[in-house]
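Using the sequences provided together with the hints, build the complete structure.
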Amino acid sequence: MFYREAGDFSTTYAQDNQTFPIKFDRYRYYVVLFIAIFVIPFIINDYWANSFLLPFLIYAIAAIGLNILVGYCGQVSLGTGGFMAVGAYACYKFMTGVDIWWGGELLFRLPQFNIFFSVIMGGVMTALVGVLFGLPSLRIKGFYLAVATLAAQFFLVWLFNRVSWFYNYSASGQINAPERDLAGILITGPQTEPWATYLFCLFFTIVCAVIARNMTRGASGRKWMAIRDMDIAAEIIGVNPLRAKLTAFAVSSFFIGISGALFFSVYLGAVEVGEAFGIQKSFLVLFMIIIGGLGSIFGSFAGAAFLVLLPVVLKIVGVDMLGWPTDIVAHFQLVIVGGLIVMFLILEPHGLAQLWRVAKEKLRLWPFPH
Amino acid sequence: MKYKLGTMAVAGLMAASPVMADLVFPSLSYRTGPYAAGGIPFADGYADYFTLLNERDGGIGGVMTRVLECETAYNTEKGVECYEATKGEGALVYQPLSTGITYQLIPKATADDIPIHSMGYGRTSAANGDVFSHVFNYPANYWNGASAAINHILETNGGDINGKKIALVYHNSAYGKEPIRTLEELSKKHGFELVTLAVDHPGQEQKSQWLQIRRERPDNVIMYGWGVMNQVAIQEAANIRFPMENFIGIWWSGAEIDVTSAGDAANGYKALALTAVGNDFPLFDDIQKYVVDAGKAAGAGDQIGTVPYNRGIYAAMLAQLAVEKAQEIHGVADITSGMMRDGMEALSVTEARMAELGLPSFGPAFDVSCANHGGEGMVAVTQWDASAGQFVKIADFAPTDMDVIGPLIAEDSAAYAAENNIEGNCG
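Protein sequences appear in the order of chains A and B.
Under the working numbering, the letters of the first sequence match residues 958 to 1327, in that order.
Under the working numbering, the letters of the second sequence match residues 3 to 429, in that order.
Some hints here could point you the wrong way.
Under 7 Å between C-beta atoms, here's a sample of chain A residues computed to sit facing chain B [to be verified]:
no., residue
1, 965
2, 1008
3, 1287
Footprint (simulated), chain A over chain B, 3 or more residues, beta carbon under 8 Å [stated by the list, open to error]:
no., region
4, 25 to 36
5, 67 to 79
6, 399 to 407
These are computed hints drawn from the structure, not numbers from a lab.
For each residue, glycine too, the CB sits at the ideal point set by N, CA and C.
What follows is the structure, given as structure tokens:
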């Protein structure tokens, strides 16, 4: 009744091509944006920022990045944790001023970057590293590529543990985000306001999502999908597999790097590579896009929300409301998350995004389905 | 404290428990995951001690205590979530029992005016209270541990270890990397050769490290391990027939559960200790009477008297003494976290007070001051007796090499102060 194209006339090509062609959808999108930008910052507190919203926004960026690679371009990757680590360490180095040594002497030191550009540089560096580790994808596919990216994961974690230049020679091997501000408002460090960190992450999430959405709708996205569906056929119709695959790796790694940089600098503030960016992180983000839906930007958000919220909600229900022992709840959590993943794969292999799509189709016909 | 942009729409969700005067002690425990073997007994001991205080004495100074347990699984993200979830409930002091989580919480808790007690873990240079106003790591820290291990090796070698080879097997994290600087300094001082071998999280795979030990033939091995890594290392040492009396672990690698799986082969393994061993103290009778027999024991109640359980008891006892001190200083019974910090900074643990609490000679006597948040750094040595199935204290609490540790603490804390623009707190 409300959710339909009828009566909504496009008079220009731009209108015809817009992301949300249905008026109801478009307004819903504006309402969500409005609430996220103008309502939540006024009611947010430390607990909501650090337990729900920041991890959700940051994982959503990582999930969008991985979804471009796995969902749109069909290149399986298990290196997400390692690429997030590249973003985090690059961000740290640019925040504190990159120092270049040669033969035991300090050649020069870059000035300290502003936090905004540090995060961007985290993304840029990760894109370069991603392209490097994407090169094998030109020769190998499927499981073999997964193993190559797995090697990237282990190599990168080892590198950041081993080479003390990356953590500025600190004795503990940890990196700590120093206090940095943007126009006088603190973004990193312990004294930050929850609304400031939230808005900072929200900005990156919205920009990344809009870029990703438009890229996947445009020429490059179509090339990626052609490669995903059948690479030989794609080559025959004129898609350059080298460029398509490497751009997918670059764009995907750029987003993952941004999320790693935010994860370290804004969300946690101090990071140890083996613990924060281990193989579990790769799997977690992969689960997010599998549960959320491969090849869908909305699915990346849904999957991130699902896997970030579920453990915390289970804990609140189990420990705070029912008063169960914490270890029983922690064990239940593993069982329930595992069970839900299996259930999703059996009942809805296309993830939460498919449920959303089905709901929209139904809504179009509602209330007269025949 | 922090300024809020808007009202807390959902504060009600977290403040669901009734508002009444109580002393809240969050316990960021880990009863799951690869480090649960150490996390469970510590959390049990911590909770049981406060249960005992409530049941026997009616709390501390007439105010009931409440332990808020939150499962972290030794994971920093969950630790931060736990911190945010519990700090609003009037948390007095955090004891995260994880170096990684401690690093996360140091700046956050300082900003929120809540003290952290990282007892024998965390950031070693936090012993400098002039820089770390809200972090305490008494009675001893990692560098005291490294020095104590070297002192013990010196003692067994008649005071000369020049030219010896000592290997450090460490957990490849901030925790395990902490002692390397100190050991390097000590190797210069005493002339031994240091070999470092990292073991990655969680530590189940150590074949290559022990193969290297077999090849390098070090005279002594020092271990900084935790959780499942300890059991694997001791088993591997037994497999290559490394003499156990030359194998010495930090206090986190010295629990019964770490050695029992290797059976008789682990006999003679040494570990440093922060507290006395066993349950032969008057306090344990009270725990049996008021806590266990009343059915109020935390967890399965089967850990009483083990090394990590005793450490939990000890941590809780130090918290109790600090609360009493804070109540005395500020003249109020229901103290806040800021007052708790003052109490911790003025803490004085005496032999007489410990005996009064039913724990005579349970730990070293020490004083805390504004400049020194680390205590005197007294460490004991224990040895595993496999036939009796218990650790035996073979060397009493002894001082460590503060000539080496002091400058290192000053250097590291000065770097932190410069990074974070901290001016001295002690004036």
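Right, here's what the structure says about each hint:
no., hint, in the structure
1, 965, "35 Å, violated"
2, 1008, "5 Å, holds"
3, 1287, "4 Å, holds"
4, 25 to 36, "holds (count 3)"
5, 67 to 79, "holds (count 7)"
6, 399 to 407, "violated (count 0)"
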